[in-house]
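Asker: Now for the letters of each chain:
Protein chains: 2
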Amino acid sequence: MKQEIPYKIYLKESELPTKWLNLRAFMDKKPAPLLNPQTHAPMTEEELSKIFCTELARQELDDTSRYIDIPDEVRDFYKMYRPAPLVRAYCLEKALQTPAKIYYKFEGNNTSGSHKLNSAIAQAYYAKEQGLKGVTTETGAGQWGTALSMACSYFGLDCKVFMVKVSYEQKPFRREVMRTYGANVTPSPSMTTEVGRKILEEHPGTGGSLGCAISEAVETACGLDGYRYALGSVLNQVLLHQSVIGLEAKAALDQYGVTPDVIIGCAGGGSNLGGLIAPFMAEKLQGKADYQFIAVEPASCPSLTRGAYAYDYCDTGKVCPLSKMYTLGSGFMPSANHAGGLRYHGMTSTLSELRHQGLMEARSVEQTSVFAAAEQFARVEGILPAPESAHAIRVAIDEAMKCKETGEEKTILFGLTGTGYFDMFAYEKFHDGKMTDYVPTDEEIQKSLADLPKF
Amino acid sequence: MKQEIPYKIYLKESELPTKWLNLRAFMDKKPAPLLNPQTHAPMTEEELSKIFCTELARQELDDTSRYIDIPDEVRDFYKMYRPAPLVRAYCLEKALQTPAKIYYKFEGNNTSGSHKLNSAIAQAYYAKEQGLKGVTTETGAGQWGTALSMACSYFGLDCKVFMVKVSYEQKPFRREVMRTYGANVTPSPSMTTEVGRKILEEHPGTGGSLGCAISEAVETACGLDGYRYALGSVLNQVLLHQSVIGLEAKAALDQYGVTPDVIIGCAGGGSNLGGLIAPFMAEKLQGKADYQFIAVEPASCPSLTRGAYAYDYCDTGKVCPLSKMYTLGSGFMPSANHAGGLRYHGMTSTLSELRHQGLMEARSVEQTSVFAAAEQFARVEGILPAPESAHAIRVAIDEAMKCKETGEEKTILFGLTGTGYFDMFAYEKFHDGKMTDYVPTDEEIQKSLADLPKF
Chain A
875 MKQEIPYKIY LKESELPTKW LNLRAFMDKK PAPLLNPQTH APMTEEELSK
925 IFCTELARQE LDDTSRYIDI PDEVRDFYKM YRPAPLVRAY CLEKALQTPA
975 KIYYKFEGNN TSGSHKLNSA IAQAYYAKEQ GLKGVTTETG AGQWGTALSM
1025 ACSYFGLDCK VFMVKVSYEQ KPFRREVMRT YGANVTPSPS MTTEVGRKIL
1075 EEHPGTGGSL GCAISEAVET ACGLDGYRYA LGSVLNQVLL HQSVIGLEAK
1125 AALDQYGVTP DVIIGCAGGG SNLGGLIAPF MAEKLQGKAD YQFIAVEPAS
1175 CPSLTRGAYA YDYCDTGKVC PLSKMYTLGS GFMPSANHAG GLRYHGMTST
1225 LSELRHQGLM EARSVEQTSV FAAAEQFARV EGILPAPESA HAIRVAIDEA
1275 MKCKETGEEK TILFGLTGTG YFDMFAYEKF HDGKMTDYVP TDEEIQKSLA
1325 DLPKF
Chain B
875 MKQEIPYKIY LKESELPTKW LNLRAFMDKK PAPLLNPQTH APMTEEELSK
925 IFCTELARQE LDDTSRYIDI PDEVRDFYKM YRPAPLVRAY CLEKALQTPA
975 KIYYKFEGNN TSGSHKLNSA IAQAYYAKEQ GLKGVTTETG AGQWGTALSM
1025 ACSYFGLDCK VFMVKVSYEQ KPFRREVMRT YGANVTPSPS MTTEVGRKIL
1075 EEHPGTGGSL GCAISEAVET ACGLDGYRYA LGSVLNQVLL HQSVIGLEAK
1125 AALDQYGVTP DVIIGCAGGG SNLGGLIAPF MAEKLQGKAD YQFIAVEPAS
1175 CPSLTRGAYA YDYCDTGKVC PLSKMYTLGS GFMPSANHAG GLRYHGMTST
1225 LSELRHQGLM EARSVEQTSV FAAAEQFARV EGILPAPESA HAIRVAIDEA
1275 MKCKETGEEK TILFGLTGTG YFDMFAYEKF HDGKMTDYVP TDEEIQKSLA
1325 DLPKF
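Same order as they appear, the protein sequences are chains A and B. Following my numbering, the numbering of the first sequence begins with 875 at its first residue and continues without gaps. Following my numbering, the numbering of the second sequence begins with 875 at its first residue and continues without gaps.
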């Protein structure tokens, strides 16, 4: 007889994964390498080590080690908020009257409010190990900046965060959380960097952009002795660290003999989705099992569903390495969309390649329907989801409703990446009926794609 | 050999308490009864049933049943966020270099952000059982209003929240969380009630007060068919429901053979502290064990440390029953103190009587030292505490530092009632060095106490 499945499955601390899973090492056809933006030759570990910690540069290029040890110090930190719960959404199932069985892996039970902490603590650890003084980074909505601040505080590292000025002003709470963790938060563009001064001269009064903040963070890291730059998504190293999400989810399901049919995650840069699917996709790549994977992105920034698969710049400033990925063009400006974490023009190369090989589907959804799903979920499951996470909820509910029509008892697993406490202005817009949807036209996308690097 | 104690002890869902513990039933000398404000006779169940659900009126007066069954429907809801973790604060111990062993029961892992949900769901359940249409309540900082909104949403009840106008305007996020759960949120004073209109006429432009919001909520409940009023603290019924905190904490400690020496909680109305200490104090009252209990309150609103033990009004409007308690006088106006949940002039009668009998200590702490403790805790334990909760952290750290001096290996347990995501303006003040302390003079307290009811 099967065990009764509780509302929340918590692994024991002793069951925390001891190794991260490096998904690319399971792929026969690897994602294309990062290229030097000047020479167009593959980036070397030496080149990357000038920007990132040496060990992280190594991880960035490693596509053969299937598993990489999680350092004990990182596992100890994980124990403060992990294993994260895998929740059986009994209340949602009941509300939908669906025969589907719905599970979600909840990553919001930590002060950064999202899964970002999983990689932040690893990146801070390697910086500390290397004897660095600190790291720099950029943040838009603020979740990554918060996570890195927490991680640096734990290891006694300095943390310099360039926060997009408009967010710095509109999200003072996020800024104060970072300051609570001792981070130095600077609105970007700033007068502290060459690139910042240049932009302010050309565009006085600008609210800034993620691309500009990245450039300021990289310039600062490269100009200071004992500093490196840290990034919260898109990179291979980040997907590696985030595999802890999927490893825990699979271990929890395995304990109850449950196999998901459909696995759903929201995708901006791809760090959460790449982490969630890691062990399942590894099985699929080895022919051991089959799963349906669905990446969910906003209709306003549809890289996987409407972008080109090509080499492109990772940043709008065009100073970072080139990556082959699904992209809308590095100059694509997504309209005001409240899911700040999903406003990236590209997608991590691993997920892009998996999508290209037909191993993963992608869907785009409009934000009013996303907030409707968020509110429906919050009312029955209690948790107030981040707008980003609610993209996955939208499609999970859609799939569950299909099951209701067909009578199929599918098992659905989705990633609930974080909480929406700092997104209440967006909820307010939704409640007041002032939220609108925006879908770029084909012409807009083609125009942006015309600027892809040619070589 | 003892088991190694993990960072977080999670009880299994099957180990969730099946009964609440009614602390008053263990007391030989009972707390004094609530009195009718007109007749000064003890309130009857019939009188209370006009304001509260019948079952809750019964619970309010029950001082003989030692345990009361938790309804299955309430336990099912509890499973969405309970059992709550009991955390061993290894990182804090290490940072303090103390021989003390520190544990905290964390109640912030739910969308209301605090322990308030434990009673809100019980109150909503009994309202539903009685066939009511909805409930009314007031909220200041917003945690209780959020909790009750979530609970009502779950049972399909209407929820009308009167939110102190100044909070309604300054804390729009809290308001939007309540709206997400379908609650009707009205800034108080409002034109929808007689008392609201009267106050607005006398004080146009007033920012409102908790006392006024209570009066509006009670008036609305009494004037509408199928509605009752709900309150989040002070009442016996609330302490009863909150005993789930202490019962879980004790069960988790018992599994590892750990006995606390000192138990610490913040105290505003007393709901969290009363719940945390319930099973431990019950043992002490039966002579089965001894524990040191410390109630922590803000120096700006020191009812237990500097108030009188006397009958007083529970509300500033003087319409609610009289309660015998430690009080600063119902007209006491605490100065701006960011721990909104601790700004009550009185204290629940049970804790007041226990304090009076010398079974519990009380300490008051100043808010800058509270925020210093909050930040210190956040940096090593990850969790960003609510200012209210940080009062308990302050004294837990003080006690741990005493152990460092004396070499004692005391085991300290404290209640971490919630998270501070919506309190970042206060953190900002602290970071910017703009936070001040305030301690009322003896004259101010004596002046306020001169208005105690005389009979």
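Be a bit skeptical, because a hint or two may be false.
One copy or two, either will do: identical chains are not told apart, so a pair holds if it fits within one copy or between any two.
Below, simulated BS3-like cross-link-like pairs (lysine-lysine); rule was C-alpha separation at most 27 Å, straight line [what the hints assert, rightly or not]:
1. Lys1321 to Lys1303
2. Lys1002 to Lys968
3. Lys1072 to Lys1276
4. Lys968 to Lys953
5. Lys953 to Lys1303
6. Lys968 to Lys1162
7. Lys975 to Lys1278
8. Lys893 to Lys1002
Hints are computed from structural coordinates only; laboratory data are not their basis.
Asker: Indicate, hint by hint, whether the structure satisfies it.
Answerer: Taking the hints in turn, this is what the structure says about them:
no.: 1; hint: Lys1321 to Lys1303; in the structure: neither (31 Å within a copy, 47 Å between copies)
no.: 2; hint: Lys1002 to Lys968; in the structure: between (48 Å within a copy, 18 Å between copies)
no.: 3; hint: Lys1072 to Lys1276; in the structure: neither (53 Å within a copy, 55 Å between copies)
no.: 4; hint: Lys968 to Lys953; in the structure: between (33 Å within a copy, 15 Å between copies)
no.: 5; hint: Lys953 to Lys1303; in the structure: neither (37 Å within a copy, 31 Å between copies)
no.: 6; hint: Lys968 to Lys1162; in the structure: neither (33 Å within a copy, 45 Å between copies)
no.: 7; hint: Lys975 to Lys1278; in the structure: within (11 Å within a copy, 52 Å between copies)
no.: 8; hint: Lys893 to Lys1002; in the structure: within (20 Å within a copy, 49 Å between copies)
Checked against the numbered hints given earlier, the structure breaks hints 1, 3, 5 and 6 and satisfies all the rest.
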